[in-house]
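2 protein chains.
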Amino acid sequence: MKSGFLTAIAFGLTLTSSAQDSLSFRKISDEIMLYGTCYDNLRVLCKTVGHRISGSPAAAKAVTWGEKAMKEAGADKVWLQPADVPYWYRGEESLQLMMDGKYKKVDALSLGNSQGSDGKEIEAQVIMVHNYDEFKALPVTAVAGKIVFFNYRFRQDFIFTFEGYGDAVKYRGGSASVAAEKGAVGVIIRSMSTGADDFPHTGAMHYKDSTKRIPVMAIGNITADAFEKVCDKRTPLAKLKSQCHMMPNPVRSYNVIGEIKGSETPEKIITVGGHLDSWDVGEGAMDDGAGCVQSIEILRAFKALGLKPKCTIRAVLFMNEENGQKGGQAYADSAVAKHENHILAIETDAGGFSPRGIGMEMSQDKKEKVIKYKDLFLPYGVYDFTREEGGSDISPLGEKLKVPMAGLNPDCQRYFDYHHTNADIFENVNHRELKLGAVVLAQFIYLVSEQGLMDK
Amino acid sequence: MKSGFLTAIAFGLTLTSSAQDSLSFRKISDEIMLYGTCYDNLRVLCKTVGHRISGSPAAAKAVTWGEKAMKEAGADKVWLQPADVPYWYRGEESLQLMMDGKYKKVDALSLGNSQGSDGKEIEAQVIMVHNYDEFKALPVTAVAGKIVFFNYRFRQDFIFTFEGYGDAVKYRGGSASVAAEKGAVGVIIRSMSTGADDFPHTGAMHYKDSTKRIPVMAIGNITADAFEKVCDKRTPLAKLKSQCHMMPNPVRSYNVIGEIKGSETPEKIITVGGHLDSWDVGEGAMDDGAGCVQSIEILRAFKALGLKPKCTIRAVLFMNEENGQKGGQAYADSAVAKHENHILAIETDAGGFSPRGIGMEMSQDKKEKVIKYKDLFLPYGVYDFTREEGGSDISPLGEKLKVPMAGLNPDCQRYFDYHHTNADIFENVNHRELKLGAVVLAQFIYLVSEQGLMDK
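Protein sequence lines, in the order shown, are assigned to chains A and B.
1 is the number of the first residue of the first sequence in this note's numbering; add one for each residue after it.
1 is the number of the first residue of the second sequence in this note's numbering; add one for each residue after it.
Pulled out of the complex, with its shape left as it was, chain A reads as follows (with noise of 0.2 Å):
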């Protein structure tokens, strides 16, 4: 052992009491916390490669890190799963409001997957409204020819902040198309943001067929501060120029798989992932970087430690979580082709923050098994089993083959001050949080291997 003050167990025999449990744990946590290498890993991949939206030459190094990264981890076996992906461009954007009666340029952001200006400058008034509501209540009259600015505010007071994601983000999602159904010609909108700062916040958004497709362009919480005062008293301008669109072709990518094969039951496999895509902006250090280097530090801690589980275990990096799920679905195809027997996935992509619980989607019965070995947890921050989830790469696994899921789940209340922002960066992420993670997510599936809790 490298850390002499642990009691040395043998990790191969069927663990039998909780005090022998409570030991693998502490080993597990001891060889990620002293000698992991995700941080490293994560700063690699950062500052090497950088952001990597689907489809990009950036996206493509980003596999080859991760086959490089997972070989490097130990694990038995590394492979390449092909999944065709969207390709989004963002080019030359800039959008300039009418502040104080002369133009400013303001940091915006397009929306991911949205159609640009082609380039050309649209200049309109522009008119705010809150919410939905305001906006229905409006006629097209009021709207037609205008920018429509969505100043919806993240709301704060959710303690959960995915509840705050959650509430806001259809004005990232639909307002393009709601604005346009009344003649719009852009949209603004306030960024889906925690932030005490001015960072705007990308992310994915759709269009309806049935409606012409908008610029639509996101600014940060002060810039928006100051445009509502500016909104409140008069009908200002504004000038959006945005050359944003997506590729003609789907691109060849790929999800980047490492296995460590099962010792007793090696048809069994558990998978973790996170996702190697990222937004064109910042590094993706949060969203996913973090995941990616946590799912890989699961092998390479297992092999440091000479574990051999009894399940086979599979680390993913799925490709294209942001604006397709391409490689969540090819795994899925993949494993429903060649009929394999998945016990668990368990996803992690709500950044590299302290861990606090494990969502779980899966029957009552499972999860009561799970929840009995709670205190284990306890030690390691991790208290909360209550949360219904799993994760959006996963999530075919789970239509398809019923697998059971789960998701861990960091403190949440930093994750959207960074999101698909220019500060999703490496330096925002601490080095003990990162492994904490990977502690718990190594624990957690140490624990569905050796005692079979997800048995079909």
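Be a bit skeptical, because a hint or two may be false.
You can't tell identical chains apart in this list, so a pair holds if it fits in one copy or across any two.
[To be verified] The calculated DMTMM-like cross-link candidates involving lysine to aspartate or glutamate, where the alpha carbons are at most 20 Å apart (straight line), are:
| id | residue 1 | residue 2 |
| --- | --- | --- |
| 1 | K170 | D157 |
| 2 | K372 | D384 |
| 3 | K68 | D40 |
| 4 | K77 | E340 |
| 5 | K303 | E259 |
| 6 | K303 | D157 |
| 7 | K366 | E388 |
| 8 | K374 | D384 |
| 9 | K239 | D225 |
| 10 | K47 | D197 |
| 11 | K208 | E181 |
| 12 | K400 | D21 |
These aren't lab readings, by the way, just hints derived from the structure by calculation.
Given the coordinates of chain A, work out where chain B should sit on it, guided by the hints.
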């Protein structure tokens, strides 16, 4: 109510059901998460006062700031409570280490309270030890005339980082006198740091009366790692120069106290506090600007909500926690002299991170009364009531008047990255985490005030 979606409930009435408590908790949370001013207050403290070591002009400025902030929060009464504090002055300092055959100037900080080299350069051979046991085994001849490098690593395997700190901090507190006993001329320590970075951490040390007062400086983890490699190969040289010293006379300073008078039992006092002084680096944002602004926020939130607590609530910004606890002593002395009836004192001095628990240092039956209410705190991420804990500023109150004590326990993963460093700045505090800590403090205090949990 500012927040329309909430059911208005009468706050002045005694609550009888847990559902009502839950609504009260929600109201407090909404008020602070939506309208809290603690984050803005912290910005002002950090950016207009900055670091503020006891006795310094900056500390005096911080007292003025605190008085103003308490009044703005709406306290019924604000006053200053005198405390005579030591004033340790750093001055110029430098450390050069022989690396790769030549001297390299490294980031280093003299430890607080230490006596420097009077501005003279001390050049000496360096002997590295990893812990006190190794040092004890050395003969005097191996140490005399040398600079000792105590290269003890902060143990990253402790999940609760305060345990790692407790384990390591003896090398900060005592190593100078230990080394001086064998004739060392100076000491370098590896900082008490979890950081994957190179920030040196200062903090209190103390000399034994019987030994020579030799200089002692801390270096960051990256420098310590590099220097360790050098020391493994040879006995290198170091050059140390510093001017730090304790000023000859104490300085008159103050605790800042703001109070809301109790509506039914004003003689019963609940104290909530943090400390206003900091080390003379960074901005004292986490340690303990966060605790100060959270304490002030309690008063503001009670006033804004029109809560009329049964008991008197006092927010106290204690002076001189870092190197003397003179403020804490003055507060307790005054309480004794005035025969005050303190039913609870709670300290917030562990950083403005997401809250996870409330530690308690009180009788078992009082603890059990609190724990009865624990489910109320769960939606706010607080689940841990197991730690035996108060805080240094309130401990004299506990000692002299047997006051039940408590301490807010936020997530501790990042605290010792920032603690006593130039990285302890406003930008490293997250606004939601800071506010959420204030929410939990306010909820706890509300419960105690209304339900009389701690009634003596």
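Results of checking the hints against the structure:
{"no.": "1", "hint": "K170 with D157", "in the structure": "within (18 Å within a copy, 42 Å between copies)"}
{"no.": "2", "hint": "K372 with D384", "in the structure": "both (13 Å within a copy, 19 Å between copies)"}
{"no.": "3", "hint": "K68 with D40", "in the structure": "within (14 Å within a copy, 46 Å between copies)"}
{"no.": "4", "hint": "K77 with E340", "in the structure": "within (17 Å within a copy, 70 Å between copies)"}
{"no.": "5", "hint": "K303 with E259", "in the structure": "within (11 Å within a copy, 58 Å between copies)"}
{"no.": "6", "hint": "K303 with D157", "in the structure": "between (44 Å within a copy, 19 Å between copies)"}
{"no.": "7", "hint": "K366 with E388", "in the structure": "within (13 Å within a copy, 35 Å between copies)"}
{"no.": "8", "hint": "K374 with D384", "in the structure": "both (9 Å within a copy, 14 Å between copies)"}
{"no.": "9", "hint": "K239 with D225", "in the structure": "within (18 Å within a copy, 53 Å between copies)"}
{"no.": "10", "hint": "K47 with D197", "in the structure": "between (24 Å within a copy, 16 Å between copies)"}
{"no.": "11", "hint": "K208 with E181", "in the structure": "within (10 Å within a copy, 79 Å between copies)"}
{"no.": "12", "hint": "K400 with D21", "in the structure": "neither (33 Å within a copy, 44 Å between copies)"}
Violated hints amount to a single one, hint 12; each of the other numbered hints is respected by the structure.
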